[in-house]
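S.K.: Two chains, two separate frames, one set of hints: put the complex together.
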Amino acid sequence: MVIDDALISKLEKLSRLELREEEKVKVKEDLNKMLGMFDKLNEVDTNDVEPLRYVLDEHSSAIRDDVVGEELDNHKALQNAEESKKPFFVVPKFLKK
Amino acid sequence: MVQYQTVVGLEVHIQMNTYSKAFCGDALSFGAEPNTHVSTISLAHPGTLPKPNKEHINKGLKLALSLNSEVNKVNAFDRKHYYYADSPKAYQITQDRLPICVGGALEIELADGSKKNVRIHHMHMEEDAGKTIHDIDTQYSMVDLNRAGTPLLELVTEPDLNSGDEVLAFIAQLQQLVRYLGISDGDMEKGSLRCDVNISVNPVGSKILGERCEVKNVNSKKNAKAAVLYESQRQIALLEKGLTFNKQTLHFDPESGRTSPMRDKEDADDYRYFPDPDLPPIRISQSEIDEIQELLPALPWEVKKKMKEQVKLNEYDSTILSSDKKIADYFFNLLEQKANPKLLANLMINKILPHLNGKEMSSIEIEEDVIISFLSLIENEKVSPSTAYQKLWPALIDNPSKPPKDLAQSLGILQIKDDGIISKIIEEVISENSVQAEEYRKGKKKVFGFLIGQAMRKSKGSAAPDVVKKALMDALHN
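Taken in order, these protein sequences are the chains called E and A.
Just so we're aligned, residue -19 is where the first sequence starts under my numbering, counting upward by one.
Just so we're aligned, residue -12 is where the second sequence starts under my numbering, counting upward by one.
Don't read these hints as lab results, they were simulated from the structure.
Just so you know, these numbers come straight off a predicted model, no measurement behind them.
Among these hints, one or two may not hold up.
To be verified - List of simulated lysine-lysine pairs, DSS-like, C-alpha gap at most 27 Å: (1) A:329 - A:293; (2) A:67 - E:8; (3) A:457 - A:447; (4) A:177 - A:209; (5) A:38 - E:56; (6) A:177 - E:66; (7) A:118 - E:-7; (8) A:312 - A:295.
Excised from the complex, chain A in its bound form (with noise of 0.2 Å):
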């Protein structure tokens, strides 16, 4: 039986977090109220002229510079023509013979450890269209033009990926990169972060791809994994059958799980690509690159790494705590604020993180420095973890400004280690309890948790039980 291999291609379109929009002064403006951010250039009045936003460049060098892929220093603006409500110029600024970068890589870790390079063909800067609505009048499509304009950078891969899995591993990576790197909210669910899936089989061990079909605008990570297998499914079912398709574009549709053609690509939009003239090439300069490059933070990659090889924390831990910039940045200021690693990172994970609830890490309302005394109390075996994290936390959470220490103190979990204190607490146990102390030294054993439990009770519960029974078996061997 022939054996087939899933070969598949990305075309990620990233919106990028500017103020205003690609060649105007709009504002960008999620959910606003439609048509209250355009202006004569974005609504393609005549005699208006694009200009070119200096963010929307620094930005795809950022990501161009995060993937090592070569810059173009001199790159250029192009016109694709397409007639469509959403566009009201009848064309979209992209690039096409010079983007503004080439070649790159993006390196993904997949759910076993494993990682795979995926090679970036190039990345190109476009601005996004408007908005079609079809379903609030019955006579009329509706068209809001506030989101033409907003700066785009797409992102071509290779055809590097070969199943779902990885498809999600690289939208995910790329994600979490955009995210720190600042340059876009990289949210999915609103459009932010959009991906063509071009997906291929062909028999494994042959060179010749299979005719590609693409599956349109995907909206989630879970979509796209979804797409992937739906449609090298129904590829490989077809091509078993002998039967052979014509490249397509398709939807697909998350409620059924299923893609449907859109149009065949047989009969291929000819867009016929020119260089715009109202837009001079943008021209880079060495200097510039190592500007860009000098701002770069440390990547997620590089951070895990850190995590790991400098902290000494596990795969797990590092994972979580790379996961989002704000976090990383968070357990690194403490770590310089002397905090405990291991202590800091746990009690990141179980506490804070699921106390934040997705919230933003700068909504913690607790100071840092009080986060310090908290771990030091752990630390210094004033309260034992677990009565850290059962009481002391929850009373840190509703008086987040009271010292620790204090709340311990008001809660009576502050262990005592004192010597001399306990001792003294032993002392009045043994008197108190002169029969049971007797019957120990001749030998029943057993009465020693009795007195061990006479011990704590007398502290309140705040002795540290290794140091009351060495004072209690000394108390009763002398």
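In isolation and in its complexed conformation, chain E is listed as follows (with noise of 0.2 Å):
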């Protein structure tokens, strides 16, 4: 995979971030240097090799039984937004999906 600057752009649109030039220079080497070590593992053959999804599988998951725990009011729902208007969250007014 080649990091180039059609990629970055990409990026930078799927994560919401906008990266100034010099920022954009950096990631480009991190990323590289990160892919680089995916090829590394990549030259082991794990072809009969199940994958392993989670660390602890062996263990069953937590399971919740079906029943409703402790709610937030609406004012402390709110409380954390950064904008609100009782009793919404708001967010700038965007198009419909």
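M.R.: Here is the structure:
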């Protein structure tokens, strides 16, 4: 995989980040290093190895019973929001998806 | 001229009717005050951890088993990333690589009685998003996160559907199934069941599928059918003109009956799926599967078959009485109490269901034993069927706790079949109308009707006409 300007710009878009020119250079360098590491890992033949999805794979997952637990009231729910208009969180107006 | 075939696959989102959300204890709360059923988990506060809901899994298994879908005994959650205000985590917890089940089929029945097997590709568990509202403020979009985290099952079909009618039949059958299973209210108006409809057209005989367009979030069976009709015609028209078109995501407008593009699939979202590190895989044992299998109720098509084959009801009656599980349960329950099947079916279809007018079966104010006595009055010919429907039923609605026999008595509609009583009436009629009786005996046969009328009047209309007729005939010929 080649880390080029087009890919950087796609990643910026996906992560809603705007990088300055010098940051782009740095990110490009970092990503290339990371991919290098994966290339190294790829040298190992894993054809007969089951993928490990989860480190505690042997443990059964913690599952809840279907009961209603503690909720936040509207006041508390909105408290950490940057902007709100009771009883809603608000975001800048955008077109419908 | 080239003939085209419409090819449709569905993605159906079904909201589970659990008490709490998929990964936290917030209550499910359709129509509640905005942002009152939320928690640090559904609001994605840092450091919080999701925990799967046992009933989400169990309800998923119920649907899987009823569709003969193969359960993945190890299934797992993945993150699907997208950035939108309805999801504070900026990803949705879903199942990508290892869904809860794979394969299976649902048989649908079309209006002409023909049947079709629609294959299921797979079904996965995921969580619903919150709601964004754009029309109450000029400056802001409002966000309500009560729905965020509601447990969903997404069912994905193979592209086995070939018309709007088939799509409609499939959704209706699935809706009936989830209601029978008690896993979802299946209410499309409320959004408990929502459909993405993937439509393409291809020349008949060709194996190559045309470019596919996806109509998002269709919210009624009628709209799904209309979207298929409109979209297949639109695509055929383009192909006829020799034009090509891209994969598209479309919105269906029920007002105009048209579709319009939301965004080109060309610039497809990159969801960057990866295993959710917060959620260990779900492991399901064979004994858990067996347990769920045991709990499965009779499925709608099994119930209908039983009504037709064992109870000998006709197609129409069986369809109506099996349409809703509570209606079917009521029917079988009264059968067990020795109700006459055909009379009960008639009463339910012509009187009880119209009376309930869409309300739940359980809201009927007349006790079961009262219904049984009502039916036995008809069966034992104490009240004629037409009189029972026209007079006794309305009286029973007004006095639901009174014994039907007493009501019939006070209405004077109990049929008298007692030979003793009737022959006494006939005797009186003949002696009071000796002139006419004599005329009859001399051959003036049409006087018979007059004498019958007199006898019926004397019995206040409650004598059984066939018995009166026979008794009068006997008396006049003696």
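S.K.: Each hint: holds or not?
M.R.: Okay, the hints, checked on the actual structure:
| no. | hint | in the structure |
| --- | --- | --- |
| 1 | A:329 - A:293 | 14 Å, holds |
| 2 | A:67 - E:8 | 25 Å, holds |
| 3 | A:457 - A:447 | 18 Å, holds |
| 4 | A:177 - A:209 | 15 Å, holds |
| 5 | A:38 - E:56 | 22 Å, holds |
| 6 | A:177 - E:66 | 24 Å, holds |
| 7 | A:118 - E:-7 | 23 Å, holds |
| 8 | A:312 - A:295 | 16 Å, holds |
Hint violations for this structure: none, all hints satisfied.
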